[in-house]
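Novice: Based on the hints, put chain B in the right spot on chain A.
There are 2 protein chains.
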Amino acid sequence: MEANPYQADAEFTAAERDSVYKCIFKRRDVRGQFLPDPIPDEVLGRILKAAHHAPSVGFMQPWDFIVVRDPMVKRKVRDAFQTANTEAADMFEGDRQETYRRLKLEGIVEAPVGICVTCDRERTGPVVVGRTHQREMDLYSAVCAVQNLWLAARAENVGVGWVSILRHADLREALGIPASIQTIAYLCVGYVSHFFQNPELEAAGWLPRTPLRDVVWFDRWHGRTGEETLLQQLG
Amino acid sequence: MEANPYQADAEFTAAERDSVYKCIFKRRDVRGQFLPDPIPDEVLGRILKAAHHAPSVGFMQPWDFIVVRDPMVKRKVRDAFQTANTEAADMFEGDRQETYRRLKLEGIVEAPVGICVTCDRERTGPVVVGRTHQREMDLYSAVCAVQNLWLAARAENVGVGWVSILRHADLREALGIPASIQTIAYLCVGYVSHFFQNPELEAAGWLPRTPLRDVVWFDRWHGRTGEETLLQQLG
Chain A
60 MEANPYQADA EFTAAERDSV YKCIFKRRDV RGQFLPDPIP DEVLGRILKA AHHAPSVGFM
120 QPWDFIVVRD PMVKRKVRDA FQTANTEAAD MFEGDRQETY RRLKLEGIVE APVGICVTCD
180 RERTGPVVVG RTHQREMDLY SAVCAVQNLW LAARAENVGV GWVSILRHAD LREALGIPAS
240 IQTIAYLCVG YVSHFFQNPE LEAAGWLPRT PLRDVVWFDR WHGRTGEETL LQQLG
Chain B
60 MEANPYQADA EFTAAERDSV YKCIFKRRDV RGQFLPDPIP DEVLGRILKA AHHAPSVGFM
120 QPWDFIVVRD PMVKRKVRDA FQTANTEAAD MFEGDRQETY RRLKLEGIVE APVGICVTCD
180 RERTGPVVVG RTHQREMDLY SAVCAVQNLW LAARAENVGV GWVSILRHAD LREALGIPAS
240 IQTIAYLCVG YVSHFFQNPE LEAAGWLPRT PLRDVVWFDR WHGRTGEETL LQQLG
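Taken in sequence, the protein lines are chains A and B.
Heads up: the first sequence runs through residues 60 to 294, numbered per the working numbering.
Heads up: the second sequence runs through residues 60 to 294, numbered per the working numbering.
The following block holds chain A by itself, in its conformation from the complex (with noise of 0.2 angstroms):
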């Protein structure tokens, strides 16, 4: 007798679905709360798997995933990151390069762990389903890893922050990491003191929420026809 191929327990509660929000809405990106307490084994194997059950186009599972403890390791990433942060902060104007000095962007040698999450575009052969006239789609399967890896964080009460001021050759470089694999993200991993209510960027007064409803179209690119009933439940 076969197994019934569809899933068991498949329908959500209400109770479960908020559950979902919840963690969807209080994720935060974290730079400088994290406290030195270590992860547990059981709660970062968690996190990976999570991860790991990303989508991934044409089932390819494109991703690695580094975690990085070692002190060393970090600092090498961090001054990577003041290198280019430096040459960043020349970038804005005004009073605006003066608040970006001001901001906490990363927390990369605080946070107990750093986790680099990699794309290897040569996975499973040249030839991949839903890859071959979008040939993006498998930098985007790693991204989704990255987004589960973040809310599952959140759900474990473990902050994390993306750290992208970063060039990708030297991320590459300190974690010895090939030309061939293409590096996504690095993000720093850890239990922290607070979530902050909203976007650290929004509290500072950088860029507001843009209302939904500005950016929710029907039918076409702009199209606004017809959807009164929606466009009420978009605040």
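To be clear, the hints were calculated from the coordinates, so they are not data collected in a lab.
Heads up, none of these hints are tricks.
It does not matter which identical chain is used: a pair holds within one copy or between any two.
List of simulated lysine-lysine pairs, DSBU-like, C-alpha gap at most 30 angstroms:
#1 Lys85 <-> Lys108
#2 Lys163 <-> Lys85
#3 Lys108 <-> Lys135
#4 Lys135 <-> Lys163
The structure presented is a predicted model; accordingly, all values stated were derived computationally and were not measured.
Specialist: Below, chain B alone, put in the same frame as chain A:
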């Protein structure tokens, strides 16, 4: 008196955490199980709100969401898929090509709703916090919105399928999207008759699930030292 900048109700209980994991593990890429039942605006509104609360580089929120219900527009997208898919099949060899042709890879016309997620790379000006050294970060933000949408839909018992066998130019044409806007994903969205236990490409024997311990490393690429306790957690 200032409002508390920290999150209230920040802690996740074990039950809340397990609901998030249920969602992550039971999410599927749905191609052939869509029901015609309409999605209530209230549900669709919550799903879009979840997408809008994805992380975004520099709080740029570069996404737009085009909700497609017009059957004529869906047919245009389905035609673009068929053109690309015929080309795609020819790229596989021998038995692989036969198997490919039997795969059900989209539910564009059957799904009651399509959602196209896009990225406006100029939305907040040329210089973006966190995008200075990794120019692709805004595209990745839009991908995080896709993954949030997918998980929120699953928690609403709604299926989602990402159709990537499409030329970007054809998709822009079908939806009237200007060339300055990058298309990220075309998603088929709807209630389903069932969710499969395993990913369809895994069940079809196309590729196996990679053991997690084969893609987790320590401190450097392919580093494997002194982390036996974590490896044991990975199965």
